[in-house]
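Engineer: What follows is the residue order along each chain.
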Amino acid sequence: MPELTTELRKNIEQLLTDQVVDVVIAFKKADAPLRPQPAFFRNLEELEDLEYNGLCQNNLANYLTRYPHDTKIGIVVRGCESRSVNALIVEKQHPRENLYMIGIPCQGILDIRKIIKKTGEDVTGYSEDGDQVSVVYEGKEVNLQRSDLLHDSCLRCAHPNPVNADVLLGEPLPDGDPTIVRLAIEEFEALDRDERYAWFQKEAERCIRCYACREACPMCYCTECFVDHATPRWTESDISQAGTQAWHIIRAFHQAGRCTSCGACERACPMDIKMTYLTDKLNNDMLEVYQFETGMDDNTQPPFASFNLDDKNRFVI
Amino acid sequence: METRPKIALFQCKWCLYSQPDQNWVDNDLPSSMYLVKLPCTGRINPLYILNAAQGGADGIVISGCLPEKCHYKEGNLSALRQHEEFLNFLDYIGYERSRVRFVWLDLQDRGRIQKELADFEAEIAKLGKAKVLATRTNVSPGGQYA
Ligand code: SF4
Ligand code: SF4
Ligand code: SF4
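Protein sequence lines correspond, in order, to chains A and B.
Our numbering applies: residue -14 is where the first sequence begins, and numbers increase by one.
Our numbering applies: residue 5 is where the second sequence begins, and numbers increase by one.
Derived by calculation from the structure, the hints in this document are not laboratory data.
One or more hints might be untrue.
[As the list claims (entries may be wrong)] Which chain A residues face chain B? A few, computed with CB under 7 Å, are given here:
no. : residue
1   : Tyr182
2   : Glu221
3   : Asp223
4   : Gln226
5   : Ile235
Every residue, glycine too, gets a C-beta built ideally from N, C-alpha and C.
Same shape as in the complex, but just chain A (with noise of 0.2 Å):
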C-alpha cells in the first residue's frame, strides 16, 4: 500500500505543520519487515519512516491513555480501533476535541504466523498489492493471496470502516457479515459441556502469564490489573491451572460491552492461545440483550454502566 501510506504521510504532515495535533500515533518500519511498530510522531523528519500495510498489528487506541488530556493527539484508525478510541471516550480517557482521527477503511490485518506458516521464520522482505502479498523468504519471492492471511478477528469483522473518524483516506468498503461471529459463537454452544470445558483448559491453561495481552488491548488501562493486586489475592498470579483459569475469565469478562472484537489481544500472545472467542461470546450477548455495540457513538455508556429501572421484570424470584 505505498500509495496509502505517501496520502498518510501528507495528511499527519499538515496536522503537525498546522499544529493541529501535537503528536500523530501510527506505524513506522522496523528491522524486522513483518513487523511494523507503533510509532510517536511530533516532527516532520520522523515521518520517513511511517509504514501503513496490512502487518501493523496493535490496536492504537492503546496508547490514548497514555497522554494528558490536554495532549492534542492524531492517531490513525481502522475499523475498530475507532470504535476502541469512542469507547475510551465514554469512559472519559480523553476528550473529544483533542483528538483528530484519521480513519482508514481496513481491508483486514494479516496473521504473521499464517505468513510464517507458508514461507518460515526469517522473512526479510514484504510488499502488498490489492489482494496479492509477496515476501521474500530465503532470498526467493514467494506470491500469496492476501485473503488467505487475514487474522481470524478480521475475517469476523463486521465494521470495517471507521465510526466518526475527522478524515478518511481511501473509499469506505462494504460492511462485513455480521453474522459469520454469531455462528462461531453457536458452533462452539453446540459442543457439550465437557467438550467446552476441555477447550477453555488445553487455550487457558497453556497461558504463561506474561500479560502481553491484557498490554495490547487498549481497554486494559487499569493502574492496577486485578491479578497484580497483592492482598487480598484475587487469583493466583502463577501458572497454575485455577490462577489461569481465573486470568482468562475475568480479563475477557472485564472487556463486556467494551472490547471491539479487533483480536490485539491475541496477536500478541506468544503462546498462540485463542482468546476471541470468550470476548466475542460477550460482546454477542451485550447485541442480543441490551442492542449494544461498543464504539458506535462516542456517548452512549455500555449495559453495565447503564442499568436501570426498566430491567426489574428481570428479577426473577
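Please arrange chain B with the ligands on chain A, whose structure you already have, making use of the hints.
Structural biologist: Just chain B with the ligands now, with coordinates in the frame of chain A:
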C-alpha cells in the same frame, strides 16, 4: 467424611427483613455453608463468585433485595446485569449455570432463606461435586497464602 455439598452464600445485609432469619444465617448455618455478608449485591464482584467456585464451592447463592427496595437505590440493578452475564459466560465455557442461584427477597419472605438453601442444597446434591473450574490453593482470610 463430609457428604453435604459445599455452598457459599453471598448475602446482602439488608435483604433479610426478619431478625430471626438474619440470626439464623449469622449463627446457625450448617457447617457446609459458608456465609459472605456484604453491604449490597452491588458489592459482589464477579471475581468473588469465581473465587467461591475455585475455592471449592459446589453451589453459590446470591441473596439480595428486589428492585426499588435496594438500600443503595440501584446496587441490585447493577448486580443483576453483571451476574446474569457472568453466568452466561461461565456456562459458555462449561460451568453449570444451575450451580448459582439468585434469591431476591421481599418483606413478607420470612423463613424463605432456609427453604431456598435447603432446596438448593438438594439440587446441588443431585448435580454432585463441581468438576468444572480448577480449585485454587488455599488462602487464609485476608488473602495471604496459607
Ligand atoms: S479484548 Fe482483545 S479483541 Fe477486545 S478490545 Fe481488547 S485487545 Fe481488542
Ligand atoms: S484485566 Fe481487568 S483489571 Fe486487568 S487491566 Fe484489564 S480491565 Fe483492568
Ligand atoms: S498473552 Fe497469552 S500467554 Fe501472555 S498472559 Fe495473555 S494469554 Fe497468557
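Engineer: Hold the hint about Tyr182 of chain A up to the distance rule: shortest CB distance to chain B must be less than 7 Å.
Structural biologist: holds, 3 Å
Engineer: Under 7 Å is the threshold here; is the Cβ of Gln226 of chain A close enough to any Cβ of chain B for the hint to stand?
Structural biologist: holds, 4 Å
Engineer: Just to be careful: measuring from the Cβ of Ile235 of chain A to every Cβ in chain B, is the smallest value less than 7 Å?
Structural biologist: This interface hint holds because 6 Å falls under the 7 Å limit.
Engineer: When the nearest CB of chain B is found for Asp223 of chain A, is that gap smaller than 7 Å?
Structural biologist: Interface hint status for Asp223 of chain A: violated (9 Å vs cutoff 7 Å).
Engineer: May I ask you to test the interface hint for Glu221 of chain A with respect to chain B, counting a Cβ-Cβ separation under 7 Å as satisfied?
Structural biologist: With Cβ-Cβ at 5 Å, under 7 Å, it holds.
The structure fails to meet hint 3 from the earlier list, while all remaining hints are met.
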